[in-house]
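Residue numbers (our numbering), protein chains in the order written: chain W, 807 to 1000; chain V, 44 to 338; chain D, 3 to 667; chain F, 22 to 187.
These are computed hints drawn from the structure, not numbers from a lab. A quick note: this is a predicted structure, and the numbers were derived from the prediction, not measured. Idealized CB from N, CA, C, for every residue including glycine. Among these hints, one or two may not hold up.
[Said to hold, decoys possible] Just a sample of chain D residues kept apart from chain W, beta carbon distances all over 12 Å, derived:
1) G224
2) D291
3) E497
[Stated by the list, open to error] Label-pair distances were calculated between CB atoms; the ranges are:
4) D:P348 with V:E214: 44 to 54 Å
5) D:E15 with F:P158: 47 to 57 Å
6) D:I624 with F:E161: 41 to 51 Å
7) D:T190 with V:K148: 31 to 41 Å
8) D:E615 with F:A114: 25 to 35 Å
9) V:P86 with D:H430: 40 to 50 Å
10) V:E214 with D:Q476: 32 to 42 Å
11) F:A114 with D:Q620: 42 to 52 Å
12) D:P646 with F:P158: 27 to 37 Å
13) F:A137 with D:P646: 53 to 63 Å
14) V:P86 with W:E817: 51 to 61 Å
15) F:D30 with D:V626: 31 to 41 Å
16) D:M270 with W:T818: 51 to 61 Å
[Unchecked claim] For lysine to aspartate or glutamate, the following EDC-like pairs were computed, each having C-alpha atoms within a straight-line distance of at most 20 Å:
17) W:K809 with D:E495
18) V:K148 with W:E982
19) W:K826 with V:D206
20) V:K294 with W:D957
21) W:K826 with D:D452
22) V:K152 with W:E984
23) W:K926 with W:E998
24) W:K895 with D:E463
25) W:K978 with V:E144
26) W:K826 with V:E142
27) W:K895 with V:D206
28) W:K843 with D:D452
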Amino acid sequence: MKKKKMIISQETMDIDFVRKVEALSDTSVRRCFQCGKCSAGCPMATFMEHPPNRVVRLLQLGQWRRIIEGRSIWYCASCETCSTRCPNKVHLASIMDALRKLSWDADGPSKESYVQLANKLFLQNIRTYGRQYEMRLAAVFNVKSGQFLKDLMLGPKLIAKGKLKMFHSKNKNMTEIEKIFSRIEEMRKKGEAL
Amino acid sequence: MSSDNIMEYSYYPGCSLHASAGEYDLSTRELFKILKIGLTEIPDWFCCGATPAHNVDELLSLSLCAKNLELADEIEGDVAVACAACFSRLKTTQHVLTENETKRKQVEKAIDAPVKLNSNVKHLLEILAADLGLERLAAAVHKPLTGLKVACYYGCLLTRPTDVPNLDCVEAPTIMERVIEAVGAETVPWTHRLECCGANFTLSRPGVVIQLTNAILDSAKAAGADCIMVGCPLCHGNLDIRQKEIEGVYKTDYNLPVFYLTQLVGLAAGLGADKLGLDAMIVNPMPLLREKNLI
Amino acid sequence: MSRIGVFICHCGENISRTVDVERVAAQIGKLPGVAFSTDYKYMCSDPGQNLLKKAIQEQKLSHVVVAACSPRMHEKTFRKAVEAAGLNPFLCEMANIREHCSWVHENKEEATVKAIEIVGMMVERVKKNRVLPSITVPITKRSLVIGGGIAGIQAALDIADCGHEVILVEREPSIGGHMAQLSETFPTLDCSQCIMTPKMVDVANHPKIKLYTYSEIELVEGYIGNFQVTIKKRARSVDEDKCTGCGVCMTKCPQKKIPNKFDMNIGMRTAIYVPFPQAVPNTPVIDRDNCTKFKTGKCGVCQKVCGPGAVDFEQEDQLIVEAVGAIVVATGFDLYSIAEKPKGSPIKGYGEFGHGKIPDVIDGMTFERLASASGPTGGKILRPSDGKEPKQIVFIQCIGSRAREKGISYCSKVCCMYTAKHTMLYHHKVHDGQAYVFFMDARTPGKSYDEFWRRSIEEEEAVYIRGMVSRLYQKGDKIVVMGSDIAVGVQVEIEADMVVLATAIQPQKGADSLAQKLGISYDKYHFYSEAHAKLRPVECATAGIYLAGACQGPKDIPETVSQASAAAAKVMTLFSKDQLEREPIVARVREAGCVGCFACKKVCAYGAVEEKEIRDRQGNLIKVVAYVNPGVCGGCGTCQATCPSKSVELDGYTDEQIVAMIEAL
Amino acid sequence: MHAEKPKHDFEPKIIAFVCTWCTYAGADLAGTSRMQYPSNVRVLKFPCTGRIDPVFILKAFQQGADGVLVSGCHPGDCHYIAGNFHARRRFAAFRKLLEFIGVDLNRLQFSWVSAAEGGKWVEVVTDLTEKVRAMGPMTEFKELALEEQWSGKIDTPELKEAYNQI
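If we strip away everything but chain W, and leave its shape as in the complex, we get (with noise of 0.2 Å):
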């Protein structure tokens, strides 16, 4: 990634956007003290251009953007290490969580897109079935990702094994999950969800 400079002011530092992150994540961005913690110890650090710290740095100094550009929100694994060690009581596993909302909803440029493609089946799999169907998500992602052949070596022995099942019940309260999923849609339309 290139570095351009950062040209600091009152109105190149989006503070109202670190406001809606912290208030998605619960957490303050500003009792971060860059001690460092949190990339010591994340397991994905070395896949990302920026690691969890800077994320929050940036974050102090309002440049979301350079953020959400980069790949580095959807490297982390969720597995909340970070939240756990840090001395500062910092969420920053939820912080990532606001970040990939905010960023889903600014329609980020970011250039990962398998792993929010995978997000995104997933989703949609909860939506149409209420469950989760293994099987399915694997051969959807593999045809829109374009890996047709991704883990086919995989796929009959799980089958074979079990693992993989090739047909499934629809859930009975169906109604109930689409109404859950168009209830937040019209509370986010009407402004009443971030």
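Starting from the known structure of chain W, fit chains V, D and F onto it as the hints suggest.
Same frame as chain W, now just chains V, D and F:
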């Protein structure tokens, strides 16, 4: 439901136990039957949303879990959860909705019902270690797992974060060790008990998973373990299903069977291979179990 | 012929296990001059000491050698016992046969032989020991405090409250020092004036404190308990006794545009002035360099309007001599300036920050005056250049401090905290503004200090950026701040309306020349040196002189006040006796042999060597010889080893004693 | 500690001039720590190394010392502010003089041993003892002293008394 049960629970198996982790579901039901613990599956439960839901839509995640808690509330007893991810989501939901009033109100609107936070969500480990108790568990042993060296793998979601699941100490838990030692097995101290296996990326970025999981397998092997014990179907998926693939990538040979905790405890309690779903395991446990005279 | 008593201690078995004590006692008993030689289980025990006392009396002993543990352990014990038995304590010596013999050797024969030699050596030495009378020095129970800042005020009040007279000397027209300039103080944000001015008034009203403001130390003579200090009281041009402090002179003075140093030259004052309204004493001073009357001879308005007739253009500087027994030095600090420094100076300025020529780049003390409710802007944060309120304000820490290249390697200790305070004051006063701080580390050790710093970020919304600023330059009416955020790893640029520099704390100008007058030492930055960094942190190596506050090193207010009270306690300890008693291990000059080369004076670290004139009965000068002041002498003996004519001797360690020991071998 | 002490033909005599604040205390520490070292050393205590006159060193050699050790506080740690610096300067010049008159400088050692360095004291003393042992007895000055005595010019009782009266 037989009347001579000593305890009753509602049961939330989660999606995986109805699919790739069928053996976890099977061994859980069979084990609890002989321990005289009643499990009533919550009718028409939903997916908890797992990691993908809270990853991009916390409100949805909270609402799905709240709905499941509402369903569970209709059945007597605490909620027994087998999957570490479901356990984590349900516990987190209870924690967040207790602490944050704004979010609670939003969730109540989304599920169109008051949030029910009364039921106690418990992982199977807690039921075995605390509710049943290690003494009663030991008393149920028919065939102690003597000589079996087990690496207990917690992964990330069973204990973290601080103050949420409250299953055990976040950084130095012993609950798995206590349970499996109660049935006669030996446990090994090892370094990667709490490291993440990267389950979130199983589908999207398997390369990441292979790297992280390899480190875990390597640590367990180095510690001299015969096998690994898990309490999470997602961890199991990576450690067991991908083990051969990892061995290929890293040109190594682990051959570490990965058991669910209920499989090993069930084995000690005298359940047969068919009732433990041992044939569903990708890394064949039979040679090891034979070598240790456990089957 | 001497009658020496020798006592060999077993120390339980500590000595007797490897040293044949009986053989030692028998062998030593044969030495010429030894009248009595015995051994005993525990010499330091009560029965052991009684044995010693009894032997002295019954055997009429003239000298004593106790062969036991290290003299560092029990020399005092045995000398006391000897004194109780009627002998001069310095006629008793210890031979160390435990730490230096029985404990370090295993072979009994070897250890015994060595013990005999050690004791024999001490026997020969003690024969040459002389009666040393204890030395007493009278103490003048008045003290001098130099510097009227919070350190000096605290020390003066503490000493005076104990009933001892204090002479407080302040260079400026008013006491109060830097603390009087501050707006609020960390970590509680008390208003500085509110907590400072009552103390200043206490000083003015204290019957035991004699205050000399607008005065400086001219000369210091004497030694602990007996200093003579000459104070130069500069002409105020206003009679302090007549002046009522009404202030009419100041309102009428036509010279109104003189930058006020107290307001860091932002506010203006008149030629006859008090530096600030709460000044103590509230007596104006005429600044003769800027007064029309003094420059041209015309004007004199102040004199005309002064009702009591206090203005006195004829007043002259006065020299006053005061006798004191102790001195507390509390001269405080000065601030580093980024201005260009003369060539060759080890301290350099900041050319990259414009050498102080960008008007809206100010230092922390200037910001204090801006933020102070009684300051030149009435507490509004306004730019010096155009009086506008800055909306983007940048604070930069470690200016001068921790910058070896700039000439200072130490940390100034208080800047992290006062910068955090500045961001808070700014946030309280400019609600729509934003404060940024460039810093390298936040150093906040102190009670409630780190919490205070965190509050400036978490609650008062200061944006801290870790990384040093490379350059500042003016662009239109903005100042471009070129920095970097090392946590992100990118360059950062801020267009600021005002920049505040946390400049280093340095000792007061002239700290070195005052130190030379006092005979105390200082480090390369001119901070005064304490006698011991850990165990004697408020005392100077020169007896009777104590340190308080930032003149010894950067300090915040609570630390300064603690040190000032500690210095006062040291003064009171000294004053608790009428005479100062000291061990008589001092050097003594044999005047007959002294040729007056004063090589001894050059090597004496205590300044104890004085020049003494020897005159005949007619008063004709015969020669000038060295004289060692026993009150000041430290007792190291360097003079003796240096003296080419062997005319100075250290009592207790004479050449005779040492040669006797060597010859005993 | 030592199973068997090695026997030597020659036991050198070592005289140590030390300051009371650092090296003497360091030697005390070696004692309280029960460290072991050769018994050849005799310690003379001074307030400060600044007090040590080079004449004492000559005198020690005259009296039969085979090696001399001078030890005080580390530079900067002097209890008397700067005594050890004066000593250092003095002995630097003195060594040149000794060298000039043909004394093997290996017999004379200067070192800094602090009150905390019991181990260093043991090391310094042991090293010097072994070094001097290997060099053999120091005879030159002893002979000089004998000569002085034999001439009988300085050591008369009259002179002594006169000296004492000064």
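How the hints compare with the structure:
1. G224: holds, 54 Å
2. D291: Holds, since 45 Å exceeds 12 Å.
3. E497: violated, 7 Å
4. D:P348 with V:E214: 44 to 54 Å: holds, 51 Å
5. D:E15 with F:P158: 47 to 57 Å: violated, 36 Å
6. D:I624 with F:E161: 41 to 51 Å: Once the Cβ atoms are compared, 44 Å apart, the range 41 to 51 Å for F:E161 and D:I624 holds.
7. D:T190 with V:K148: 31 to 41 Å: For D:T190 and V:K148 the Cβ distance comes to about 40 Å; the hint holds.
8. D:E615 with F:A114: 25 to 35 Å: Holds, at about 32 Å.
9. V:P86 with D:H430: 40 to 50 Å: violated, 60 Å
10. V:E214 with D:Q476: 32 to 42 Å: About 53 Å separates the Cβ atoms of V:E214 and D:Q476, which means 32 to 42 Å is violated.
11. F:A114 with D:Q620: 42 to 52 Å: holds, 43 Å
12. D:P646 with F:P158: 27 to 37 Å: holds, 33 Å
13. F:A137 with D:P646: 53 to 63 Å: violated, 36 Å
14. V:P86 with W:E817: 51 to 61 Å: holds, 56 Å
15. F:D30 with D:V626: 31 to 41 Å: violated, 58 Å
16. D:M270 with W:T818: 51 to 61 Å: Hint violated: Cβ distance 39 Å, outside 51 to 61 Å.
17. W:K809 with D:E495: Holds, at roughly 13 Å.
18. V:K148 with W:E982: Distance of about 18 Å is within 20 Å: holds.
19. W:K826 with V:D206: violated, 24 Å
20. V:K294 with W:D957: holds, 19 Å
21. W:K826 with D:D452: violated, 28 Å
22. V:K152 with W:E984: Given pair V:K152, W:E984 holds - Cα atoms ~14 Å apart, limit 20 Å.
23. W:K926 with W:E998: Violated - the C-alpha atoms of W:E998 and W:K926 are around 23 Å apart, more than 20 Å.
24. W:K895 with D:E463: Distance ~18 Å between W:K895 and D:E463 Cα, so the pair holds.
25. W:K978 with V:E144: violated, 31 Å
26. W:K826 with V:E142: Holds: W:K826 and V:E142 sit about 18 Å apart, inside 20 Å.
27. W:K895 with V:D206: Holds. W:K895 to V:D206 sits at ~11 Å (cutoff 20 Å).
28. W:K843 with D:D452: Holds, because 19 Å separates the two Cα atoms, which is no more than 20 Å.
Hints 3, 5, 9, 10, 13, 15, 16, 19, 21, 23 and 25 from the list above are not met by this structure, while the remaining hints are.
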